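Starting from the known structure of chain A, fit chain B onto it as the hints suggest.
2 protein chains.
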Amino acid sequence: MSQKQQQLDEFFDFLRFPSISTDSAHKDDVDRCADYLIEKFGSMGLEASKYATPGHPIVIAKSAPKADRPTVLIYGHYDVQPIDPIEGWATPPFEPTLIDDKIFCRGATDNKGQHFSHILGVEETLKQHGELPVNVIFLLEGEEEIGSPNLAPFLEQNRDLLAADICAVSDTGMLAPGVPTMTYGLRGISCLEFTLHGPKGDLHSGVYGGAVANPALMVSRLVAKLHDETGRVLIPHFYDDVIPLADWEREMWASLPDGDASTMAETGVSALWGEQGYTALEQRWARPTAEVNGIGGGYQGEGSKTVIPRSAMAKLSFRLVPDQDPAAIARHAKEFLESQCPEGCRIDVEIGHDGPAYVMDPHSQHGKAAQAALEKTFGSAPRLIREGGSIPIIQAIHDILGIDSLLLGLALPDCQIHAPNENFYLENFYGGIRLNQALLEELGSA
Amino acid sequence: MSQKQQQLDEFFDFLRFPSISTDSAHKDDVDRCADYLIEKFGSMGLEASKYATPGHPIVIAKSAPKADRPTVLIYGHYDVQPIDPIEGWATPPFEPTLIDDKIFCRGATDNKGQHFSHILGVEETLKQHGELPVNVIFLLEGEEEIGSPNLAPFLEQNRDLLAADICAVSDTGMLAPGVPTMTYGLRGISCLEFTLHGPKGDLHSGVYGGAVANPALMVSRLVAKLHDETGRVLIPHFYDDVIPLADWEREMWASLPDGDASTMAETGVSALWGEQGYTALEQRWARPTAEVNGIGGGYQGEGSKTVIPRSAMAKLSFRLVPDQDPAAIARHAKEFLESQCPEGCRIDVEIGHDGPAYVMDPHSQHGKAAQAALEKTFGSAPRLIREGGSIPIIQAIHDILGIDSLLLGLALPDCQIHAPNENFYLENFYGGIRLNQALLEELGSA
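Chains as they are written, first to last, in our numbering: chain A, 41 to 486; chain B, 41 to 486.
Hint data in this document are derived by calculation from the structure and do not stem from the laboratory.
Keep in mind that a hint or two might mislead.
No copy labels: a pair is met if it fits in one copy or bridges any two.
As the list claims (entries may be wrong) - Capping the alpha-carbon separation at 30 Å, the derived lysine-lysine pairs in DSS-like fashion look like this:
| no. | residue 1 | residue 2 |
| --- | --- | --- |
| 1 | LYS265 | LYS374 |
| 2 | LYS416 | LYS90 |
| 3 | LYS345 | LYS67 |
| 4 | LYS102 | LYS374 |
| 5 | LYS240 | LYS265 |
Because the structure is a prediction, the values reported are computed rather than measured.
Chain A extracted, bound-state conformation (with noise of 0.2 Å):
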């Protein structure tokens, strides 16, 4: 059987595991897909432990560590998604069926191909030449799908057993096949919920109309405020921090295929709407936004009924930009709001959920090693972009062990994640065994 054959079946292997972290029926499959990697990472001649959460098992392995060589941290996550609608497959979703060049299967993207190949590529190294020129710590984790609860709390417990120069991460997107990408940025998010309170009940719009606030008019007036007509925010010191985009980084993505048409081509609006003087992909990927995320008020039924209702609400969130301070942003927005409350009624307002922006410089020496290493894999020069999401897990890497994320995509834009025929592409399996061996050589010798 050739090599590739078994670093396929193998992969296949693992996929099988339908180790689904949300289904409380899937326990014990995701616990076994962790002792896989257990075994897996014992056959390569790691020193690999399973580590009990409230939650599933880390999985951490290392190789023997030698002190004259920088560490490397690669994260993945073994768990996967639900597979429902299940009539949506035209596959069994835990039977990984090669289709012309690709691998079907729930996770074969997200995330299990992705960090597999980078154990094999590790396992290919070490086979060819008997040591790696990094040290390295595979921190594989079994709950990313629900929103990796015990990560954290893991890390903070670990500093010492995970202490690393630099993480590697392939998670991310590929901005199309053999074109090699690296993100180096991540948008952060501040929410809140505001409600504005009016008459003391739903009232008569007939009896009382005309002389009362309502509430979902007063909401919507307030909402209306956040922007100007050309979709700047109004929040006062909203963008007193924001780090303007470097001229290197306007020109790396105007040379990208056009990021206008393609952020209408996959939303399927007829036209963009946002911050003037910014293309989709720096609106997207480097400016902060106001967002409605919801608002509701009064009658939603069918049909009409003609009340002013008591209270209205709407839910927003922030999309923060390097450097941005999650809790400023939530401070001045709660301000705004509470300053524009129209007279005769009450707001709250309640701060949820933040994290800061990330980002990390792709010319600095790990970032140029993470250049080298795509370049050399897919053959051309990689594409420094952003993403306009938020991954809280690199920025607990980077808040509590102090390392920046080299994000290594290796997800194609049509590999359908989180939904029916999810795929991976076997050019990127076989690349990422690559892409893996070749970011160790350039971070060995930076």
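Frame of chain A; chain B shown alone:
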């Protein structure tokens, strides 16, 4: 037994029918209540008939017509609201109980007490004089509390039977005990609902936020464009046909107990809000409004879900005053909303039910007769008011039978209609009898 006691006993018998029109379990009770009326009218010498409808019957009773006299149609409804929450009642809901100066029973005010006193007034006049100063037609329906679905068709089919010069209705409010009150105007209504459609599905607000129009934000911005800062409606042509308040109306309403204070007390708001330059009573009774009865979009549950919703909606209703045309207002509003639809969204506007405002001249011959009757009954000049809600029945009587209605309210502010402990002021029961006698006399000599 005194005549007064006998009248009260009869009223109590009438109240004991649990004629809840919305509950099919009470269908027979509604029917028996109609039979009771037929019998009562028969005993008075009126020709009474029960007309079947697809729902509950309509009772018609006519005095022997005399060619030289005007005809007065007296409208009422013998059906009542349900009694829940039953635990809120201090007395059995269908056992009339006299406590101090109030009769507690479901239907005591709304509307059995108010129209039964008219019946007893006619009876008393007949006993005293053997004839009436006018021809009387009673029109008593059993479906008012479920929206009178069969009344307008019945009017359409029985124009000749119901031909009259004026209608009298006691189903509105009286400002305070002993304060005669005549309502001469009601606002109309025009309803619509609109939905803004944005992306093809809910979007991750991290991934796409900042570049895509958010329907929950946009629906707010659109709603916020309905009024200027001072509460004036900004829909073009909205005020074109509004008849300004007459000086006598503003003076009359300024002479009433402070409407600003009572509006705040009744609604529990700490400040009023509305079109500038008008008192709360003027705003509520004689100025048109644009109200949001419901608004909704995105995530409204516990906590946060960071989506950009695919759509968001608002339900609007416009309260209308003479001479606004409901269909024209709906059309203007639709055009305005469509013209303001943001780029990147699609708007659907669905026009709902409507009805024009109603106003009659309280200084007309009929109006003056009603005023004289009120003054004779209660001993002071009647207050002339409008009400903010709509009474579709009054509009139907106007449109189909071609006559105005004299709205002579006997319902006191604390009568608890539609709520537990509904009550009718004993003085208004007897006052209603005298009012009917005076009204028919005034109308007969008008």
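Note to self: If you test the structure against every hint from before, which numbers come out violated?
What the structure shows: Going through the list in order, the structure violates hints 2 and 4 and respects the others.
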